[in-house]
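Novice: The chain contents come next:
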Amino acid sequence: MKNMGEPPHRPEPPDIPEAVAAPKSARSIQLVWLIPLIAVLVGGWLAVKAILDRGPVITISFETAEGLEAGKTKIKYKDVEVGLVNSVVLSNDIKQVIVTADLVKGAERYLVDDTRFWVVRPRITGGDVSGLGTLLSGAYIGLDIGKSGKPTRHFTGLKAAPVFSSDVPGREFVLRGSDLGSLDPGTPVYFRRLQVGQIASHALDKDGKGVTLKLFVNAPYDQYVTTDTRFWHASGFDVTLDASGVKIQTQSVVAMLSGGLAFETPAGSAALPPAAAGAEFRLFAHRAEAMTNPDAIVMKTVMVFRESVRGLAPGAPIDFRGIVVGEVTAIRVELDPVKLQITIPVEVNIYPRRLGSRLVKQRAVLSDRERREFLNAMMAKGLRAQLRTGNLLTGQLFIALDFFPHAPKVKTALNEDVFELHTVSSGLTELQETIASITKKIQDLPLGEISADLRQTLQSANRLIERFDTDLAPEARAALADVRKALAATEHALKPESPLQQDARDAMREIARAAQAFRILADYLERHPEALIQGKKEDEK
Amino acid sequence: MTRAPTTAASLGLLVCHACGLLARAGPHAHDACCPRCGARLHWRKPDSISRTWALLIAAIVCYVPANVLPMMHTGSLFGSQSDTIMSGVIYFWTSGSWYLALIIFFASIMVPLLKMISLVLLLVSVQLRSRWQLNQRARLYRLVEVVGRWSMLDIYVVAVIVALVQLQALATILPGPGAIAFGAVVVLTMFAAMAFDPRLIWDPLDEEHGRAPA
Numbered sequence: 000m001k002n003m004g005e006p007p008h009r010p011e012p013p014d015i016p017e018a019v020a021a022p023k024s025a026r027s028i029q030l031v032w033l034i035p036l037i038a039v040l041v042g043g044w045l046a047v048k049a050i051l052d053r054g055p056v057i058t059i060s061f062e063t064a065e066g067l068e069a070g071k072t073k074i075k076y077k078d079v080e081v082g083l084v085n086s087v088v089l090s091n092d093i094k095q096v097i098v099t100a101d102l103v104k105g106a107e108r109y110l111v112d113d114t115r116f117w118v119v120r121p122r123i124t125g126g127d128v129s130g131l132g133t134l135l136s137g138a139y140i141g142l143d144i145g146k147s148g149k150p151t152r153h154f155t156g157l158k159a160a161p162v163f164s165s166d167v168p169g170r171e172f173v174l175r176g177s178d179l180g181s182l183d184p185g186t187p188v189y190f191r192r193l194q195v196g197q198i199a200s201h202a203l204d205k206d207g208k209g210v211t212l213k214l215f216v217n218a219p220y221d222q223y224v225t226t227d228t229r230f231w232h233a234s235g236f237d238v239t240l241d242a243s244g245v246k247i248q249t250q251s252v253v254a255m256l257s258g259g260l261a262f263e264t265p266a267g268s269a270a271l272p273p274a275a276a277g278a279e280f281r282l283f284a285h286r287a288e289a290m291t292n293p294d295a296i297v298m299k300t301v302m303v304f305r306e307s308v309r310g311l312a313p314g315a316p317i318d319f320r321g322i323v324v325g326e327v328t329a330i331r332v333e334l335d336p337v338k339l340q341i342t343i344p345v346e347v348n349i350y351p352r353r354l355g356s357r358l359v360k361q362r363a364v365l366s367d368r369e370r371r372e373f374l375n376a377m378m379a380k381g382l383r384a385q386l387r388t389g390n391l392l393t394g395q396l397f398i399a400l401d402f403f404p405h406a407p408k409v410k411t412a413l414n415e416d417v418f419e420l421h422t423v424s425s426g427l428t429e430l431q432e433t434i435a436s437i438t439k440k441i442q443d444l445p446l447g448e449i450s451a452d453l454r455q456t457l458q459s460a461n462r463l464i465e466r467f468d469t470d471l472a473p474e475a476r477a478a479l480a481d482v483r484k485a486l487a488a489t490e491h492a493l494k495p496e497s498p499l500q501q502d503a504r505d506a507m508r509e510i511a512r513a514a515q516a517f518r519i520l521a522d523y524l525e526r527h528p529e530a531l532i533q534g535k536k537e538d539e540k
Numbered sequence: 000m001t002r003a004p005t006t007a008a009s010l011g012l013l014v015c016h017a018c019g020l021l022a023r024a025g026p027h028a029h030d031a032c033c034p035r036c037g038a039r040l041h042w043r044k045p046d047s048i049s050r051t052w053a054l055l056i057a058a059i060v061c062y063v064p065a066n067v068l069p070m071m072h073t074g075s076l077f078g079s080q081s082d083t084i085m086s087g088v089i090y091f092w093t094s095g096s097w098y099l100a101l102i103i104f105f106a107s108i109m110v111p112l113l114k115m116i117s118l119v120l121l122l123v124s125v126q127l128r129s130r131w132q133l134n135q136r137a138r139l140y141r142l143v144e145v146v147g148r149w150s151m152l153d154i155y156v157v158a159v160i161v162a163l164v165q166l167q168a169l170a171t172i173l174p175g176p177g178a179i180a181f182g183a184v185v186v187l188t189m190f191a192a193m194a195f196d197p198r199l200i201w202d203p204l205d206e207e208h209g210r211a212p213a
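Taken in order, these protein sequences are the chains called A and B.
Under numbering that gives the first Met the number 0, the first residue of the first sequence is numbered 0, with each subsequent residue one higher.
Under numbering that gives the first Met the number 0, the first residue of the second sequence is numbered 0, with each subsequent residue one higher.
Treat each hint with caution, since some may be false.
Unchecked claim - Listed next, with one range per pair, are the computed distances between beta-carbon atoms:
hint, chain 1, residue 1, chain 2, residue 2, range
1, B, 171, A, 123, 46 to 52 Å
2, B, 142, A, 153, 49 to 55 Å
3, A, 89, B, 151, 41 to 47 Å
4, A, 275, B, 171, 31 to 37 Å
5, B, 151, A, 56, 45 to 51 Å
6, A, 129, B, 159, 28 to 34 Å
7, A, 129, B, 171, 26 to 32 Å
8, B, 113, A, 45, 20 to 26 Å
To be verified - Not close to chain A: a few residues of chain B, all C-beta gaps over 12 Å, as computed:
hint, residue
9, 33
10, 63
11, 171
12, 179
13, 190
14, 199
In short, the hints are calculated from the structure, not lab data.
Yeah, the Cβ is synthetic: ideal placement off N, Cα and C, and Gly gets one too.
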């Protein structure tokens, strides 16, 4: 090897042996080309497979990309992986996040218009814990397959997981209420304390005057929602403090913690058909309110009070002999600049139907004017409103309707905007006035003179008693001694061995004898009445 | 250089690779055996260029899935994940270990690529009988041969990790199809480098002086 650099000077060294001819190699040269062929085949197959396996690409817009990672976050349906997030970018108006995801082959058929996507994150609410697995594995995108037939590739992600997936049988209903209370999506809906559904979503009405809730009742139970079903807040503690005292209503422990909604159909309306999906219902504050007859007819009335309404609040009941027939809606203060009078008009709603269904059946189509006339007639008989203390502890007031036959006769014009129901001052006020007048009279008494006279009288009385002591007492004692003497003499006379007694006994004996003789005479005269004239006959022997 | 350097081929001699004996080429130049030890004798490695081409093309084909397909599946409590070589590089780069990222990038992506480019360059230049940069090309060939085996580092790492990290439920690492393709790239380029006969680089010199090997 070291001689390699030097060119050999002997051109043909004589001792170099000749190479031996080898047998022709049977191996084909072309065999080596199998290797790239196999590589191309395998690579090509992989490429074709990759292209064939490629599913649809979709975009989802989200409010936030919290927990989403390109290339890592998965899309899962029923916990089966159906896709992978490809990229997470901001939208053009940088208000949203656009997530592009590759779905598996065959996903086309459920990419329809109402398919919903949301990010599954750990979620802990009062009654529900979900997505705990994502604490470790990171968030993933959940998917709920829609029913619409319109295919699309662009979706808007939900802010939170939908409460129920669309393949759960059941029906959705709409509730309108005045406030949300402690309700939230996912809050359970109870039917006879049994959880039968959940609240799906809530939204404030556009005019801001109420809330609209959507709730979902699962399949076997949705038949119990009829057209007359009432829904009410069954939230944790329902503590009401009103003129009737303190009331505490509770539901199950879960509902106590997280709030809830309950429904029931009033007993009288059992034969009604189940409500259609999407039917609208009113949301009541509590069961008692829900189960009362719906106050379809509302009569707006005003009551003007001239006394303090401290303790009266909107919502206070209008009570007719213990039956709530209405409620206070507003309390105002009005100044009459002409009469220089301050009055307190209290606006109330009276629900005439509560006054008895028999009456209503007879006069089902009572017009407003007729109702006013009716009330006027009642006022002529002495119907008045009066503030009364409902609860001495809290000083809550309510308005009582009652008849005061001695009240002055009044009438309200029928064409006023709001019918005025006249009032009488409350019993307490009358009592206060009476006490005040008594106090005034007491104050007016000439107490100084009275006490001077009284002292004089007492002094003379004292003197009189002293005279009794000195003059009258010895006389009395002597008189008493005489009396005792007389008594002793009497006692002596009445003794059994006394002569008086002896004489008396003899006399009595004589009288008895005389009586006997008289009886014999009487017998004889009875038998012989003629003896009176003829005299006693001699014996006829 | 007026006079061409003398080579064994130019003198019609063959050297036995097995025992070092020189032999004169017989009439059957292509099918000769060493008269002493019986090893096959040839002027140049037989079918060097076509074999190299075949292996090289196979390597280039495999290079694509090696980079596209995942190298390694990592499954753990926190979810499962598949990584390609490039995603590993990006991961290390973004997580701050840029030196690791550079090492992986060069050892696993650049080196096989440069190796294949070098072999293509050598093959094309030989086939064109080019006399351009002969010394540099010879050095390039030696470099390719030496560097070749180091590219297997990735495969070793994956093999070791897969063997070590088998904690069943907690964590599992499995080799991906990319690892096979990558191994194939490395092995095929090594074979291609072996199949290539560096003497072919110098043959155009002889040819210019009208003494092409028989």
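Novice: The structure should be examined with respect to each hint, and the outcome stated for every one.
Specialist: Structure-based check of each hint:
Distance hint for residue 171/B and residue 123/A: a CB-CB separation of about 30 Å, inconsistent with the stated range 46 to 52 Å. One distance hint, 49 to 55 Å for the beta-carbon pair residue 142/B and residue 153/A, holds here, with the actual separation near 53 Å. Against the hinted window of 41 to 47 Å, the Cβ-Cβ separation of residue 89/A and residue 151/B comes to about 43 Å, which satisfies the hint. Between residue 275/A and residue 171/B, the C-beta spacing of about 53 Å breaks the proposed range 31 to 37 Å.
Distance hint check for residue 151/B and residue 56/A: the Cβ-Cβ separation is about 37 Å, which falls outside the suggested range of 45 to 51 Å. For residue 129/A and residue 159/B, the Cβ-Cβ distance of about 40 Å falls outside the hinted range of 28 to 34 Å, so the restraint is violated. Range check, residue 129/A to residue 171/B: Cβ separation about 27 Å, and the 26 to 32 Å hint holds. Separated by about 24 Å at the C-beta atoms, residue 113/B and residue 45/A satisfy the suggested range of 20 to 26 Å.
Distance check for residue 33/B against chain A: the nearest CB is about 7 Å away, which does not clear 12 Å, and the non-interface claim fails. A beta-carbon of chain A comes within 12 Å of the beta-carbon of residue 63/B; the shortest separation is about 6 Å. Separation of residue 171/B from chain A is adequate, the least Cβ-Cβ distance of about 15 Å exceeding the 12 Å criterion. The beta carbon of residue 179/B sits about 9 Å from the closest Cβ of chain A, which is not more than 12 Å, so the claim that it is off the interface is violated.
The Cβ of residue 190/B sits about 9 Å from the closest Cβ of chain A, inside the 12 Å cut-off, so the non-interface label is violated. Its beta-carbon lying about 16 Å from the closest one in chain A, residue 199/B satisfies the requirement of being farther than 12 Å from that chain.
Of the hints listed earlier, those the structure fails to meet are numbers 1, 4, 5, 6, 9, 10, 12 and 13, in rising order.
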